[in-house]
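First to last, the protein sequences are chains H, G and Z. Count along the first sequence starting at 1, add 595, and that's the number in this note's numbering. Count along the second sequence starting at 1, add 49, and that's the number in this note's numbering. Count along the third sequence starting at 1, add 8, and that's the number in this note's numbering.
Watch out, some of these pointers could steer you wrong.
[As the list claims (entries may be wrong)] Each computed DSS-like pair below joins lysine-lysine, with the alpha-carbon atoms no more than 30 Å apart: (1) G:K236 - H:K622; (2) G:K236 - H:K755; (3) H:K622 - Z:K68; (4) H:K968 - G:K162.
[Said to hold, decoys possible] What follows is a list of derived Cβ distance ranges for each label pair: (5) G:E224 - Z:D38: 41 to 49 Å; (6) G:V235 - H:A1021: 37 to 45 Å; (7) G:H140 - H:A1021: 30 to 38 Å; (8) H:R984 - G:V235: 16 to 24 Å; (9) G:D125 - H:V650: 52 to 60 Å.
These are computed hints drawn from the structure, not numbers from a lab. All C-beta atoms in this analysis are idealised placements derived from N, C-alpha and C, irrespective of residue type, glycine included.
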Amino acid sequence: MQIRTREFIPRATFALHDPNLQRALAKAADGFIGKRAKAIAEVPEFEALREAARVRKDEILSELDLWLERYEARVRAVGGQVHWARDAEEARAIVLALCRRAGAKTVAKGKSMVSEEIGLNEALAADGLEVIETDLGEYIVQLAKEPPSHIIAPAVHKTKEQVAELFAEHHGTTPEPTVSGLVTEARQQLRRAFFRADVGITGANFLIAETGASVIVTNEGNGDLTQTLARVHIVTAGIEKVVPALEDATLFLRLLARSATGQDSETYTTYSMGPRRAGDPDGPQEYHVVLVDNGRSRMLGGPWREMLRCIRCGACMNHCPVYGAIGGHAYGWVYPGPMGSVLTPLFVGLDTAYDLPNACTLNGRCGEVCPVKIPLPDLIREVRHAQQRDGLHPPAEQRVKALWRRVAERPALYHGLERLAVRLLATLGHKGRIRRLPGLSGWTDARDLPAPAGRTFLELWHAKGHDE
Amino acid sequence: MPPDRTGTVGLFATCLMNAMRPNIGFAAARLLEDAGWRVEVPREQTCCGQPAYNGGDEDAARALARRTIAQFEAFDALVAPSGSCLATLKHDYPRLLRDDPLWAGRAQALADKSWELLTFLHERVGPEHIRSRFPHRVTYHDSCSGLRQLGIHEAPRALLARVEGLRLVEAEEREVCCGFGGTFSVKYPALSERLAENKVQRLLATRAEVVLGGDLGCLLHLAGRLSRICAPVRVYHTVEVLAGLADGPGIGQS
Amino acid sequence: MSESAPLDPALAARRRDTVLGAIRRNLGRDAAPPAPEFPMPPAHPRLAVPEEDLVERWRKRWEARGGTSALVPTKAAAVEHLVAWCREHGLPAPTHAARPLLELPWPADWHLDPGPAGIDTQSAVSLAFAGIAEVGTLAFLSGPESPVTHLFVPDNHFILLDAATIVRHFEDLWQRLRHHLAPAGGDWRERLPRTINFVAGPSRTGDVEQTIQLGAHGPRRVHVVIFQENR
Ligand code: SF4
C-alpha cells in the first residue's frame, strides 16, 4: 500500500471539508461509541477481563519464541505448512509463489490488516491474478481504488449513493440504492467469486499454539466462504498473534467483539486447523500460514513492546476526537487513529509519518477504552521523544523549544519576559481579547486570544507583601 | 478546623495562570487561607515542563522537574489550579526521574503531596468553607488530563453544589476533548478548531450563561472560540466562582 | 531467482531462524525457555451467567442477534416443526442435511443430500455439536458428518440443537471438546477436525452506512430447533 503519511495535513484539511465524509463520521462515531458502552455496561467483569488480557498478553510476548515454535509444530501435525517472512517483501514473495504453484487465476480475500501492511493485493494483481476482497466494506473500497478508512468498517466514509454508483460502474447493473438492495447485489456478485477462487487468503485474529488453529471472526461469513471453497487456504498473520490455549482465545474474544462493534459475539468465529481431512466433504486441500515479522521482533525489544498487545479492535480510533474529525484516509497508511499514530511511524519511519503522533491532543480517551490496556498516549509521546532524538521536529520548533528551555531554567529572566509579554499583550487587547496576533495566527485564525490584565500573578502577589 | 489538619501550601502558579489570569491564584489563596492554611508562592518557580515533555524533549522536562521539586518539597502540600500541570507533577515526574538515584525518591515524595486545587478543596479543606453566591445557569467542562489522569469529576460538582443560586446543567459528550492539547492547537490549528467548535456547540446547547472548568488552557481555548463566534457566554475558572471572585469580566472579556 | 525460490526449504529454514533469533535477541536471551511459565489450560475471568435455565439464556442471546428458535420435546417433533415452519414462512424445502439427520422421519418429498452445498443451494439442515449459553452461539465440528458449506452457503439454515449439549461458558465447551476427541485418553489434538465453527445468528453487515443488514454472504435466516429428549 502506498505510503501517503507525509500528506497528513493537506489530507486532513480536505477531510474536514468533505460533507459526505463528515456525515458518515458523525454517524459512525455515535454508533460505535454507543454500542460499545452498552455492551460493556452489561458485563461487570469487563475491567477484570481487560486486566487479565493485559497480563496474559505480556506473559505470552515474553515467551513469544516458545509459543511460535509450538504453534508451528501443531500446524505441521495437522497437515499445514508454516512459512516465516522477515519483511513485507518476503511475505509477498511467499504468497505469490504459493499462488503460482497452485496454478491460481483468482484469489478471494478475507479482511486482513497484515495483507494491507505487506501490500499483498498490489503484488498479486501485478502478477496477473484476479484479487477480490470479499468483506463488503473492503470490496467497496477496492472498487473505488481507495484504501480502507477504518480497520473495522473500511467503507465507513461512503454513502449508499456512492456505493450504488460504484456497483453500477463495475457490475454493469443498476442496483436499488438502498442498503438492502446494495447488500443483495454484492452478495450475488461475490458468491460467484467465492466459487471461482482458486486460493483463499484470510488474516487471523489469533493463532493458537495448542491446536495449530488460526482464528477469524466475521459478521458476514465472507472469511469462511473464502477459506472453505478455495483449493488453497493461505493465512497471513503477524507473529504477535499467537496465544497458547483455546481458553486464551476465549479471553481475548470476550473483549474483541464488545470493543469493536459492541456485540457480545460476532456472528462467525472460526478455528481452522489444517487442510481437508480424509472423508471431509469440503474444505481446502492445502493450508498455509505465513508468519510476518516485518519489524515486530524489533518492537519487542524497545519501549514499544506494549503495542504488540493490540488486537485490532478499532476502539481507540472510534473514541479519538481527531480520527472522528478526519477519518482514516488522512493518516495515509494501513493503520489509522491512535494505534496507527504509534504503529505507522514504527513501520514506515519516524520521519515519514512525522505528523501522526504529533496531531494528537493526548486527551487519553484511547488508552481508557483499549481492551488490552495499551497506554496509547504514553506511547504516542514516546514516539515524539524518539523523533526529538532523531532531530525530526521542525527546525523552527526546535529553536523555540531550546530557547524556551534556557529561559525556563532562569527564573529571573523567565519572569521578566513574562511580565514584558503580558504588558504587550494587554496593549493589543481590545474588550478583553486579541483578534489577530502575528506569529500566533494558528491560534487567532479560529479563535480570539483572551488578553491578560497586564500584570502577572507573581508580581501582584509579591507586590502585596506576601512572603516577605 | 483543627490546626493539625492545616499547614503550609506551596501554590504552584502555572504559566498560563501567572500570565493570563492572576485572579485564579488569588481566588485559590483566599479559599485556602480562609480555611486556615498558610499559602506561599515560591518566587523561583517557573514551568512544570509539560510542554517540553509532550513536545518530545525529555531532557528539558527533567531539568524543569528537578527545579520544581527543589522549589516545593519543603511545603506540606503543593497545590496547582490545573489538572494538566498537576498530572505532570504527579505522574510524569516520578517516571522521568526513576533512573536518577538522587531524584527518584524526591520526585515521588513531591508527587505524593501534590494536589490539584479543586480536589484539595474538596478532600482536604472541605466544602463547608465555600460560602459564595453565583445566581447563574452554568455548565462544566471536564479537562481531559484532570478527568483521566487524576479522576477529577466529583470534586468540582460537589463544591459547586455549595454555591448559592448556582444551577449546573451538564452538557452532552462531557468526556470528549475540547481540542486544546497545548502546542497541538498551534501546530494543527484546523483540527483544533474543529474540535473546539464541536465542543462549543455542546456547551451552548445547555443554554448555560457561564462555562466553568478547572484548567486554564482549555478555558482560554474555549473562551477564545466562544468570543470569536460572538456567543454571549462567560468563562471562569471554577475557583473564581467558589471564592466569590467571579464578579469581574470573564476570561477574554472586559 | 526461480519462481519457487521463496518456498525453497533451505531458504525457509534460514528465514525461520532469523525471525526466531531476532525475537530472542530482543527478549534478551539465546534460546527459547524450555517450558511455559504458567499452567495450561489457563483460568481466566469468566462472565457471570446467573440464569439457572441455560436453554432460556441461550435463546434470549441468540434471538437478540436476529436468529429465531423453537423448543420441542423430541427430534421427531423437530422434524414436524421444521416442515410446518417452512410451509408457514413460504420457504423452500431444504436440499442438504448433515448425515446423522438423514434417518429422521422427513417428508417423502424432501430429498436431503449429505454432500457439500453448491452455489445454488438454498436451504440446509445441520446438527450443532453444542450451544454456549454465555453469548447464545452454536459450535460445529467439521467432518464427513458436518459439511462446513452447509453453514455458509444457503440462504436459509436450519439447525437442530440438543438441549443437553448447551454449556454455560466457552471454557466448558473446550473441556468437553478435549474429552470428546479422546474419550479413552490419548492426545485429543491428534483428532482435531479441520474447523471448529461458531455460528451466532444470521450473516450480517453494517458496511453500508452503518446500517445492519442480514444475509451479507451467509444465511439470511437461521432457525434453531432445540429438542429436549436427552435433558
Ligand atoms: S490499540 Fe487497543 S483500542 Fe486500539 S485497536 Fe489496538 S487493541 Fe483496539
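Right, here's what the structure says about each hint:
1. Simply put, K236 of chain G and K622 of chain H have alpha-carbon atoms about 28 Å apart, close enough for the 30 Å limit, and the pair holds.
2. Annotation: proposed proximity of K236 of chain G to K755 of chain H is violated, straight-line Cα distance about 35 Å (limit 30 Å).
3. Restraint check for K622 of chain H and K68 of chain Z: the C-alpha separation of about 28 Å stays at or below 30 Å, so the hint holds.
4. A distance of roughly 27 Å separates the Cα atoms of K968 of chain H and K162 of chain G; the hinted pair therefore holds under the 30 Å criterion.
5. Between E224 of chain G and D38 of chain Z the Cβ separation comes to about 47 Å, which falls inside the hinted range of 41 to 49 Å.
6. The hinted range of 37 to 45 Å is not satisfied by V235 of chain G and A1021 of chain H, whose Cβ atoms lie roughly 21 Å apart.
7. H140 of chain G and A1021 of chain H have their C-beta atoms about 35 Å apart, which keeps the hinted 30 to 38 Å range intact.
8. A hinted range of 16 to 24 Å holds for the C-beta pair R984 of chain H and V235 of chain G, which are about 23 Å apart.
9. At about 38 Å, the CB distance of D125 of chain G to V650 of chain H disagrees with the hint of 52 to 60 Å.
In this structure, the earlier hints numbered 2, 6 and 9 are contradicted, and the remaining ones agree with it.
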